[in-house]
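There are 2 protein chains.
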Amino acid sequence: MNAIAQDAASQLEAAARAARAAAGQVARAPRPVKDLALRTAAAALRARQDALLAANAADLAAATGLTAAYTDRLTLTPARVEAMAQGLEEVAALEDPVGRVLAEWQRPNGLVMRRVAQPLGVIGMIFESRPNVTADAAALCLKSGNAVILRGGRESLHSAGAIHACIAEGLRAAGLPEAAVQVAQTADRAFVGAMLKAAGLIDLIIPRGGKGLVTRVQEESRVPVLAHAEGLCHTYVHTAADPAMARSVLANAKMRRTGVCGATETLLIDAACAPTLLPLLVADLAALGCGFRADARARAICPELPAAAEADFATEWLDSMLSVAVVDGVDSALDHIRRFGSEHTEAIITEDATAAAAFLNGLDSAVGMWNASTQFCDGGEFGFGAEIGIATGRLHARGPVGLEQLCTYRYHVLGTGQTRP
Amino acid sequence: MNAIAQDAASQLEAAARAARAAAGQVARAPRPVKDLALRTAAAALRARQDALLAANAADLAAATGLTAAYTDRLTLTPARVEAMAQGLEEVAALEDPVGRVLAEWQRPNGLVMRRVAQPLGVIGMIFESRPNVTADAAALCLKSGNAVILRGGRESLHSAGAIHACIAEGLRAAGLPEAAVQVAQTADRAFVGAMLKAAGLIDLIIPRGGKGLVTRVQEESRVPVLAHAEGLCHTYVHTAADPAMARSVLANAKMRRTGVCGATETLLIDAACAPTLLPLLVADLAALGCGFRADARARAICPELPAAAEADFATEWLDSMLSVAVVDGVDSALDHIRRFGSEHTEAIITEDATAAAAFLNGLDSAVGMWNASTQFCDGGEFGFGAEIGIATGRLHARGPVGLEQLCTYRYHVLGTGQTRP
Numbered sequence: 001m002n003a004i005a006q007d008a009a010s011q012l013e014a015a016a017r018a019a020r021a022a023a024g025q026v027a028r029a030p031r032p033v034k035d036l037a038l039r040t041a042a043a044a045l046r047a048r049q050d051a052l053l054a055a056n057a058a059d060l061a062a063a064t065g066l067t068a069a070y071t072d073r074l075t076l077t078p079a080r081v082e083a084m085a086q087g088l089e090e091v092a093a094l095e096d097p098v099g100r101v102l103a104e105w106q107r108p109n110g111l112v113m114r115r116v117a118q119p120l121g122v123i124g125m126i127f128e129s130r131p132n133v134t135a136d137a138a139a140l141c142l143k144s145g146n147a148v149i150l151r152g153g154r155e156s157l158h159s160a161g162a163i164h165a166c167i168a169e170g171l172r173a174a175g176l177p178e179a180a181v182q183v184a185q186t187a188d189r190a191f192v193g194a195m196l197k198a199a200g201l202i203d204l205i206i207p208r209g210g211k212g213l214v215t216r217v218q219e220e221s222r223v224p225v226l227a228h229a230e231g232l233c234h235t236y237v238h239t240a241a242d243p244a245m246a247r248s249v250l251a252n253a254k255m256r257r258t259g260v261c262g263a264t265e266t267l268l269i270d271a272a273c274a275p276t277l278l279p280l281l282v283a284d285l286a287a288l289g290c291g292f293r294a295d296a297r298a299r300a301i302c303p304e305l306p307a308a309a310e311a312d313f314a315t316e317w318l319d320s321m322l323s324v325a326v327v328d329g330v331d332s333a334l335d336h337i338r339r340f341g342s343e344h345t346e347a348i349i350t351e352d353a354t355a356a357a358a359f360l361n362g363l364d365s366a367v368g369m370w371n372a373s374t375q376f377c378d379g380g381e382f383g384f385g386a387e388i389g390i391a392t393g394r395l396h397a398r399g400p401v402g403l404e405q406l407c408t409y410r411y412h413v414l415g416t417g418q419t420r421p
Numbered sequence: 001m002n003a004i005a006q007d008a009a010s011q012l013e014a015a016a017r018a019a020r021a022a023a024g025q026v027a028r029a030p031r032p033v034k035d036l037a038l039r040t041a042a043a044a045l046r047a048r049q050d051a052l053l054a055a056n057a058a059d060l061a062a063a064t065g066l067t068a069a070y071t072d073r074l075t076l077t078p079a080r081v082e083a084m085a086q087g088l089e090e091v092a093a094l095e096d097p098v099g100r101v102l103a104e105w106q107r108p109n110g111l112v113m114r115r116v117a118q119p120l121g122v123i124g125m126i127f128e129s130r131p132n133v134t135a136d137a138a139a140l141c142l143k144s145g146n147a148v149i150l151r152g153g154r155e156s157l158h159s160a161g162a163i164h165a166c167i168a169e170g171l172r173a174a175g176l177p178e179a180a181v182q183v184a185q186t187a188d189r190a191f192v193g194a195m196l197k198a199a200g201l202i203d204l205i206i207p208r209g210g211k212g213l214v215t216r217v218q219e220e221s222r223v224p225v226l227a228h229a230e231g232l233c234h235t236y237v238h239t240a241a242d243p244a245m246a247r248s249v250l251a252n253a254k255m256r257r258t259g260v261c262g263a264t265e266t267l268l269i270d271a272a273c274a275p276t277l278l279p280l281l282v283a284d285l286a287a288l289g290c291g292f293r294a295d296a297r298a299r300a301i302c303p304e305l306p307a308a309a310e311a312d313f314a315t316e317w318l319d320s321m322l323s324v325a326v327v328d329g330v331d332s333a334l335d336h337i338r339r340f341g342s343e344h345t346e347a348i349i350t351e352d353a354t355a356a357a358a359f360l361n362g363l364d365s366a367v368g369m370w371n372a373s374t375q376f377c378d379g380g381e382f383g384f385g386a387e388i389g390i391a392t393g394r395l396h397a398r399g400p401v402g403l404e405q406l407c408t409y410r411y412h413v414l415g416t417g418q419t420r421p
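Protein sequence lines, in the order shown, are assigned to chains F and E. Per the numbering used here, residue 1 is the first one in the first sequence, and the count goes up by one each step. Per the numbering used here, residue 1 is the first one in the second sequence, and the count goes up by one each step.
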């Protein structure tokens, strides 16, 4: 290990040990204490708006070579500071997920078994240069009783530090340990490597960002990972689709926002309805500025569409672009999705309940929708109040990750002196 | 990669691809089909008892240098074959965990959100040379709709193969793909290495065995791991314990079976009751053949006890041996447990409900018990019908892992054409 990596490892270890010590206090903090911390932090964000904008200006001045979209995500404005403050207050208003009795039953020997929600412990969150994620993730982790080490992108260090100061003020006001929410104050990439090696010190790594980041984390991490990877989402227009519904839902699923992971990237349409319906769908989307990559059967109906290469069906466009393929019913659609999909979110548009059931039951994806826009795959839309991301793995939590999903459980077994025969 | 490792990697990849293809069919198989497979396999185990015992005799003849306990676990008898067959039938009699609606709610926009239990996919199970685990694990994975690749100890290859033939017969009879349950037919350790690298092909690795095996898997695996690690369980006798209950529960928790992970390894006893109660507890256990390692405060009361080194409190004895320490109330007991415990199972013996609540809420362990033997930490005792082991991590599942814990979930979102604003 070189000196820089050694230094990063030492920094991380100190941070993680402090987080572990703090985690016990946060885990057992009653709801009013956690909510006081969040509301005080919100007030601090508003009170220190000028300092936040100045820190953000320093980040923006130092950043070079960023895309316009990246710069936009990095930029704070008075409205965005207010949105962060409101976000903290919204999390404060959510029910406390800790201590919920998830199940309870009694055994013939009289033992009462109770499954109780409990915080995970110490979470390590790795994300890109989006200052608001610092506030959102801190709030969700704190409310769910976890300690967290936040490692944002190197371009947002000043902004993250200024936001963190507000959260620390909230923790102090509530009598909670400041180490419960820590922000890495280093641009050193070795710090991320140290986080990924910290099995036993960090209980869960949540990577949120581009495919490169998530893949690196999944490959390197010795700590369990709750991955938020790509959303290669499909909307399947079944023969028995209501044409007007198919048009409005697909336009929304593709074009409402193209950069979100729940945006539809591929349209699958049944051969039986494609000749009449596909031209309408294409015209709607083209009018909204969408481009296309279509397979040969789709181009036989709409010859003006550019031809798709096979790789296009494996591409998460995150842009005004749609892959299009003609299929032959539910099984054919499922085959395509299994081959190219990312097990995130897929929708079927149909009036045929049997076809819908076959589609939903045939999917392996985290979320299957019937007659709804894939863009509903969102913690807020699910009613979770807020989310830290969309989990795309199969373990622990799938789909939107809110306060409940940031908890694990334990059992309480209540006896009266039972011994096992 | 050398030739052997290359060969093992090729074997594993072929097995995993076949398992992935089979997983979809098993995941969607209705309960009667799965149960038919299990009952047919049970009948085959009984019908082929002679072949099983002959295969097992070949394993035993080839094995050298095994401990008596290891040889005992490897040995099949007519009674053990019958027990395996009954085990398969018991799993057949359990409710199907797949497709259970875990939660359902409606959003203001009319969307119905439904959380549904779903199999994990392809499970890789790595365990020691215990033939019965082949049958048990196959049954639990099949009933929970998963495909499984079983890799038992190298000493049990013949036995595992003979058991697998019975399970394959069951799968065939039910029209299920044989690749749904596969048994590694190689003693090559590189096969395990290949399993641990098979991210994307295997969804979950379950290691079950000694600390060395589990640690290796946790360190090397690129696939998510549901670890079944050590159980360094504590029984804490609180000042307000009923002495008779403390005596009977501790004797059971330590000595009913000493080799199980739920056996108590350390007694913590409050200073206030130790002078009168500790001598009784020690006498009870000594009469049962238990040895002791005691701290200075315990030895001040029972000078005949051997002195404990600090490392003794970090030792999972799995034997007739008990570490003993005197503590000063609930917080002191919790401090000891956090320092030396393995987050498996801990019990408090007390008549004081407030102290019990403080203890249970202060634990980070998977299972906390009040006035009950730690040996109740078992899937059967929890009412799960059968278990594949006890999970000691914090993600996905904690404590006994039964059919429900071998499932993940997905969402079905039922709409009527909703689009997101």
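Since the hints were made in silico from the structure, they are not lab data. Careful, some of the hints might be misleading.
To be verified - Stretches of chain F that chain E covers, calculated by requiring three or more beta carbons in the stretch to come under 8 Å of a beta carbon on chain E:
#1 82-92
#2 239-248
#3 276-288
#4 396-409
We put the beta carbon where it would ideally sit given N, CA and C, even for glycine.
Here is what the structure says about each hint:
no. : hint    : result
1   : 82-92   : violated (count 0)
2   : 239-248 : holds (count 3)
3   : 276-288 : violated (count 0)
4   : 396-409 : holds (count 5)
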